[in-house]
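Visitor: Between the sequences and the hints, there should be enough to build the whole structure, so can you do that?
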Amino acid sequence: MAPHTPTTTAGKPMVPGMPLREFDTLEAEHDYVLTDESGTLPAGLRGTLYRNGMGRWESGGSPVGHVFDGDGMLSVFAFDGQRVRFRNRYVRTTHFLRGQHSRGPAGRGTGTLRGDGSFRANAFRWPLSNQANTNVVWHAGELLALWEGGKPHAIDPDTLETKGIHDFAGGLRGFGSFSAHPKIDVRTGELFNFGTTFLPFPGLAAYRVDTTGTLHTLARWRTPVPRLNHDIGLTDRYLVFVVPPMTVSPAGMLPVFLGLRPLGSALGFRPEIGTEIVLVPRDGGRRIHLHTDAMLHFHLTNCYDDGADTVIELIRYTADFDTLWDHFQHGFRTAPEQPAVGGPLTRLRVTRTGRVIREDLTDRIAEFPQIDARMTGRRHRYSYSVDVAHHRKVSGDQDAGYEVVPSGVTVLDHERGAEATYEIPNYGSVCETVFAPRFPGAPEGDGWLLTVEYLRDEHRSRLLVLDARYPERGPVYVGGLRHHLPLGLHGSFTTRIAA
Numbered sequence: 001m002a003p004h005t006p007t008t009t010a011g012k013p014m015v016p017g018m019p020l021r022e023f024d025t026l027e028a029e030h031d032y033v034l035t036d037e038s039g040t041l042p043a044g045l046r047g048t049l050y051r052n053g054m055g056r057w058e059s060g061g062s063p064v065g066h067v068f069d070g071d072g073m074l075s076v077f078a079f080d081g082q083r084v085r086f087r088n089r090y091v092r093t094t095h096f097l098r099g100q101h102s103r104g105p106a107g108r109g110t111g112t113l114r115g116d117g118s119f120r121a122n123a124f125r126w127p128l129s130n131q132a133n134t135n136v137v138w139h140a141g142e143l144l145a146l147w148e149g150g151k152p153h154a155i156d157p158d159t160l161e162t163k164g165i166h167d168f169a170g171g172l173r174g175f176g177s178f179s180a181h182p183k184i185d186v187r188t189g190e191l192f193n194f195g196t197t198f199l200p201f202p203g204l205a206a207y208r209v210d211t212t213g214t215l216h217t218l219a220r221w222r223t224p225v226p227r228l229n230h231d232i233g234l235t236d237r238y239l240v241f242v243v244p245p246m247t248v249s250p251a252g253m254l255p256v257f258l259g260l261r262p263l264g265s266a267l268g269f270r271p272e273i274g275t276e277i278v279l280v281p282r283d284g285g286r287r288i289h290l291h292t293d294a295m296l297h298f299h300l301t302n303c304y305d306d307g308a309d310t311v312i313e314l315i316r317y318t319a320d321f322d323t324l325w326d327h328f329q330h331g332f333r334t335a336p337e338q339p340a341v342g343g344p345l346t347r348l349r350v351t352r353t354g355r356v357i358r359e360d361l362t363d364r365i366a367e368f369p370q371i372d373a374r375m376t377g378r379r380h381r382y383s384y385s386v387d388v389a390h391h392r393k394v395s396g397d398q399d400a401g402y403e404v405v406p407s408g409v410t411v412l413d414h415e416r417g418a419e420a421t422y423e424i425p426n427y428g429s430v431c432e433t434v435f436a437p438r439f440p441g442a443p444e445g446d447g448w449l450l451t452v453e454y455l456r457d458e459h460r461s462r463l464l465v466l467d468a469r470y471p472e473r474g475p476v477y478v479g480g481l482r483h484h485l486p487l488g489l490h491g492s493f494t495t496r497i498a499a
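Take the sequence shown: its position 145, counted from the start at 1, is 145 in the numbering used here, and no numbers get skipped.
The hints are simulated quantities; they were obtained by calculation from the structure and are not laboratory data. It is possible that part of the hints are untrue.
To be verified - Pair by pair, the computed Cβ-Cβ distance ranges are:
1. TYR402 with THR188: 47 to 53 Å
2. GLY441 with GLY284: 31 to 37 Å
3. ARG220 with ALA418: 39 to 45 Å
4. VAL225 with ASP320: 15 to 21 Å
5. ALA140 with ALA28: 28 to 34 Å
6. ARG125 with GLY17: 34 to 40 Å
7. GLY81 with ASP363: 57 to 63 Å
Unchecked claim - Lysine to aspartate or glutamate pairs mimicking EDC-like chemistry, simulated, CA-CA at most 20 Å apart:
8. LYS12 with ASP457
9. LYS12 with GLU458
10. LYS393 with GLU458
11. LYS163 with ASP24
12. LYS12 with GLU29
13. LYS163 with GLU142
14. LYS393 with GLU403
15. LYS393 with ASP363
16. LYS12 with GLU337
17. LYS12 with ASP363
We put the beta carbon where it would ideally sit given N, CA and C, even for glycine.
Guide: Below is the structure:
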């Protein structure tokens, strides 16, 4: 593949160690109509793009200690066919509300200790605060702000006001982890998800939420040590888990519970135990457990049945765990010297005999893989991903320095084996893309890619609408924001138009 080059050389060049101001806090909450900067808003684009992510990385007047510990901020872009209305609002979690008045961080986090960090402030307190900062999904008449290690928060879909913890009418008991990456089968209307359990025994639980919003448990199983799993896949037959060897050390948890260290200190990567693939039958049958070589990954694009085989598409990280974790803990606000996150789009094929075949589909360093959500659980033709901006050592001369690989939005056409990319100009960055169909019943891939671009030179963001068939042609519409929008995580599109 030919080397990437920036669309334009204007703007301040990226160099290792430079500040990444897309991780600056946005304190204010806004509500206004976007400025039409260029292009024409497609008349058929009607609905709502919801986004979630960390909006601020400080609490009680002090910085938090990990990228995951920022307070969750929801954004809404409402398309009525004529204009786009923007609104953002922080999820009123207990952590957010306490952080308004506390001195020092209001709660514990992945890399953060509470208050002044003392034993007295942290001892024997639960090691994680629910920041509701990872994803947002509309299902069964509820808009849910999701987080990795606890229960969802119910959100008003129009005002973005927080209604409170949502436990599915008591279906999520106790700690009740409900992960941030559910999958919806658009043909049945069911939502599938999972939760991680720590007490009294470590393990995983698989859930199904029916069209009335009632939660059902599909399966529960124990793991020898607590395992961290971020995402799942769905096929016609299975709920698919690809569990990396990211583990929590029982010995390492002792100083965590004593309040001496944050939870992240007990996390590690154990390649000797490999990656475990678990296929949970949707009809309640016996689970299938398989093992393959250790992989570091977070996000699955899609899964589907191919005869007796199960096909899994995901992003396989190229950096090692220590490099990644150090970046999340200490370096996420600055440009890394080498890529710390992301990797190639990768396909796993699980055969009927239990063999796992791995194939890299591209050599791009990418993250946040997406599809046309109507294809969830079925063979998809198009994969959408975000190219991760990073520095790459120039080959040849040892003193030649680095070249910038820019961020961008790439569409991979599996049928043609072709890629098309919109490269972000001026060393900017871009959020995860979300697909919106051109019209109800449109063929797969016939629609729009919605994303938010950060303009580094102006410290401001803007909404991009790309034609999913021709992203390389650039945005068909650009809507300007009046400020920057912190680089968020995940989102979803619904045809319901927020009021």
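Visitor: Has the given pair, LYS12 with ASP363, been kept, meaning a C-alpha gap of at most 20 Å?
Guide: Measuring from Cα to Cα gives roughly 27 Å; hence the hint is violated.
Visitor: Honestly, do GLY81 and ASP363 meet the 57 to 63 Å range at C-beta?
Guide: violated, 40 Å
Visitor: Check whether the Cα positions of LYS393 and ASP363 lie no farther apart than 20 Å.
Guide: Distance of about 16 Å is within 20 Å: holds.
Visitor: Is the hinted range of 28 to 34 Å satisfied by the C-beta distance from ALA140 to ALA28?
Guide: Given a distance of about 32 Å, which is inside 28 to 34 Å, the answer is holds.
Visitor: Between GLY441 and GLY284, is the Cβ distance one that fits in 31 to 37 Å?
Guide: holds, 33 Å
Visitor: So does VAL225 sit 15 to 21 Å from ASP320, Cβ to Cβ?
Guide: The hint (15 to 21 Å, Cβ to Cβ) holds, given that VAL225 and ASP320 are roughly 20 Å apart.
Visitor: Are the Cα positions of LYS12 and GLU29 separated by 20 Å at most?
Guide: violated, 29 Å
Visitor: Taking 34 to 40 Å as the stated bounds, is the beta-carbon spacing between ARG125 and GLY17 within them?
Guide: holds, 35 Å
Visitor: Compare the distance between the alpha carbons of LYS393 and GLU458 with 20 Å, and conclude whether the hinted pair is satisfied.
Guide: Violated, because 28 Å separates the two Cα atoms, which is more than 20 Å.
Visitor: Does the alpha-carbon distance linking LYS393 and GLU403 stay inside the 20 Å limit?
Guide: holds, 6 Å
Visitor: Evaluate the given range 39 to 45 Å for the C-beta pair formed by ARG220 and ALA418.
Guide: holds, 43 Å
Visitor: Take a quick look at whether LYS12 and ASP457 sit within 20 Å of each other, Cα to Cα.
Guide: holds, 7 Å
Hints 7, 10, 11, 12, 17 from the list above are not met by this structure, while the remaining hints are.
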